[in-house]
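**Q** Based on the provided sequences and hints, a complete structural model is requested.
Heads up: the protein sequence lines correspond to chains A and B, in order.
Note that the working numbering gives residue 114 to position 114 of the first sequence, counting from 1, and the numbers run on in steps of one.
Note that the working numbering gives residue 276 to position 276 of the second sequence, counting from 1, and the numbers run on in steps of one.
Calculated directly from the structure, the hints in this document are not laboratory data.
Among the clues, some could well be false.
Here are some, though not all, of the chain A residues that point toward chain B, as calculated from beta-carbon distances under 10 angstroms [as the list claims (entries may be wrong)]:
(1) 127
(2) 128
(3) 177
(4) 302
(5) 315
(6) 325
(7) 348
So these bits of chain A aren't anywhere near chain B, every CB distance computed over 10 angstroms [said to hold, decoys possible]:
(8) 18
(9) 219
(10) 365
(11) 370
Quick list of in silico lysine to aspartate or glutamate cross-link-like pairs, EDC-like style, CA-CA up to 20 angstroms [what the hints assert, rightly or not]:
(12) 290(B) x 22(A)
(13) 47(B) x 135(B)
(14) 175(B) x 45(B)
(15) 47(B) x 143(B)
(16) 47(B) x 68(B)
(17) 47(B) x 323(A)
(18) 175(B) x 323(A)
(19) 290(B) x 202(B)
(20) 47(B) x 173(B)
For every residue, glycine included, the Cβ atom is placed at its ideal position computed from N, Cα and C.
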Amino acid sequence: MSRFWRNVLAVGYREARVMLHDQAFLIALLVQPAIMLGLYGGVISTQPANVPWGIVDRSQTALSRRLVEDVQASGYFLRPRRVAGYSEAHALLRRGTLLAVLVIPGDFRRAAERGRPRVQLLLDGSDPLAAARVGSYVAQVAANVDVRRELRASRPPRPPARAGAIDARQRFWFNPTLRDRDFFLATIAGMLLTNISLSLTGASLVGEREMGTYEFLLSLPTSALEIVLGKLLPAVAVAYVLLLAALLGSGLCYGFWPAGSWLALFVVTLPFMLASLSVGVLVSTFARTSAQAIFLSTFFILPSFVLSGVGLPYQLMPHGVRELGGLFPLRWYQIASRRIIERGAGGAEVVVPTLMLVLFFAAMLVVVRWRMKPRLG
Amino acid sequence: MSWRRLRTLVVREMRATLRDPFTLTILIAVPLVALLAFGFVLSTEVKGLRLVVLDGSETPASRRLLADLAAHGTFVPRRVATRAALERALVDGTASAGLVIPADFARTLARPEDPRPQVQLLYDGAEAVLAGNAEVYLQALVEASGATLVRGGPPASAGVRVMPRALFNPRLDGKPFMVAGTFGFVLSFLTILITAVSIVNERLAGTFEQLQVTPATSVEILLGKLLPLGAMFTLDVVLMMLTAGIVLGVWPRGSALLLVAVSAYYVSISLAAGLLISGTSATANEAVQKTVLVSIPLVQLSGFIFPVRSMPAAVQWATTLFPATHYIALARGIYLRAEGVATLWPELAALLAFGVVLIGFALRAMGRRP
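**A** Next up, the structure:
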């Protein structure tokens, strides 16, 4: 083994010992995956549920009651509240007591007989995501109400017309019930690794500089590059432990196992981890105190989470913001992990995101080298 | 407690902050950047989604269907030649949905006595949120286009038509929702973080001990630290309100004064939380870890992005124990629905109660510790 790698290993060994002594870090390492698994596995969902809604039923016919029952049966709604009229509906929506009010007009039945039944749905637009979803659920349920069958009881039967011109059969691949849980669980490893990697390098490098142990390391016959690589080594090991914890956790707790190649997942994790860690190293060259390093890292982590598409789909963000998210390694890692974990992809399908991560890492190395030169020369 | 000593300490703190460009940048830039970043990310508008099409029919009717889909702008159709290519596009995420048109599409469409032609709509369920949004549009578009394809005009629709009308935000724009939430995020996470870290740092640097040899009491020293921070964050509220209005076009519909007043009170709650965290942390890093742990539920469970009513019942109850939940509800009510004290009083009362308890704890801790 060359001198270079011996030095790297020595620094790595020292770093691992330091890490094992840091109790706060070890606790964070245990607690963070547990919290994430709990939150994303069982608590958080973007799908509306328990939606409080009301009805203004001016028709009071079997048909209008049928419509209300059908909407209720979709399972997203609480029991509807009877609302007297528009002004009360408006007041309840304004107060946030209700999210939607269905207004069934007085001539609803007559309109149905003429073939043009219409209802109005008032939505609380202040919660746009929920309002949009609820609006489309109600529209879907209403479109499927078999008006003719409801009317048949009192009218002579007519020949049944075709319901629509085209019979569209739909299926959701990879996640047939569109569970948000799978959507989130596929990316918690990425979130955990982003969190840990920045606190591992950024704060720890600055911490050494503050304590004066960095100078001590430099006075040994080790080069700056050897020190940095040695510091990355145990961090990468920690990353794989976390990745395994996230995969086993979601598998054992929720029965959600990766559909694709574990090997591909482990391979793509390496450039991602190196890229994230190198951001930490870059942070350390800017920060003078470890508090500053922590602030800078936090303000890298936050936009990573928001813009990368782990929680909200990046495909719907406006242009500009969407491309900005491409500058964060988490974007590419979440794309790769969704492909592997949810869609069952192998190595071939994640070549592009892997290359992007390698490219990011290479660019960071260049920048870090340029930033570190004056200090270590 | 002497007001004169407190004033001296406050002035000292202000001078120190103004001389530290790093902290100043964080205090001003981060809230504004967060506002702009969060402001744009929530979109309910589905536009330009990629759709792979396997057209087994290749007839004027199927081409017409595709042209209708493309014209709407929600989907960008791309033809593929084989089923394998379609499946690959869904697996590697280059398409969000797929449409399979059978070979007998035009034939069955032309003959009313046959069963309806079947097309297959496939969605990438891995992007659950996206698929949920795409589903509604694609089905409606196929339905509408199909109606125009049948000879003799559209058949009378079978179901009930719903005319949706969104109050307070007719175009269901995501920006106001996120702007109001970002106030909660900044005033919880950032405030607790900066308070905790700066107190721990000051203790580590030994400045507290230096101040302790002066006649100043520890309550005065800590208040001298907290008051300028609180003023700074209250100023942030005003700055964020202006930025949201000028850059994003989102102005509060309710009383801006009420929003600032409620926010200032909420800042003091966060300062108290930061102080309590700093008291139990030996290093800045430890304070950060604790703040992050406290902030995960703050951000995820307070309704900032994910709706509280979709959570399990026990968690829903637990979220009422976070002040952030109430503050975000207040900010949204004032910002989006122009609510006033008359309808917001339950949230205000809850926030008031939490504040009294937390600030009480913090004051007690202040008196005890150097």
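**Q** Decide, hint by hint, whether the structure agrees.
**A** Hint check:
no. : hint            : in the structure
1   : 127             : 6 angstroms, holds
2   : 128             : 4 angstroms, holds
3   : 177             : 8 angstroms, holds
4   : 302             : 7 angstroms, holds
5   : 315             : 6 angstroms, holds
6   : 325             : 9 angstroms, holds
7   : 348             : 9 angstroms, holds
8   : 18              : 13 angstroms, holds
9   : 219             : 25 angstroms, holds
10  : 365             : 26 angstroms, holds
11  : 370             : 21 angstroms, holds
12  : 290(B) x 22(A)  : 15 angstroms, holds
13  : 47(B) x 135(B)  : 13 angstroms, holds
14  : 175(B) x 45(B)  : 12 angstroms, holds
15  : 47(B) x 143(B)  : 19 angstroms, holds
16  : 47(B) x 68(B)   : 15 angstroms, holds
17  : 47(B) x 323(A)  : 16 angstroms, holds
18  : 175(B) x 323(A) : 19 angstroms, holds
19  : 290(B) x 202(B) : 18 angstroms, holds
20  : 47(B) x 173(B)  : 14 angstroms, holds
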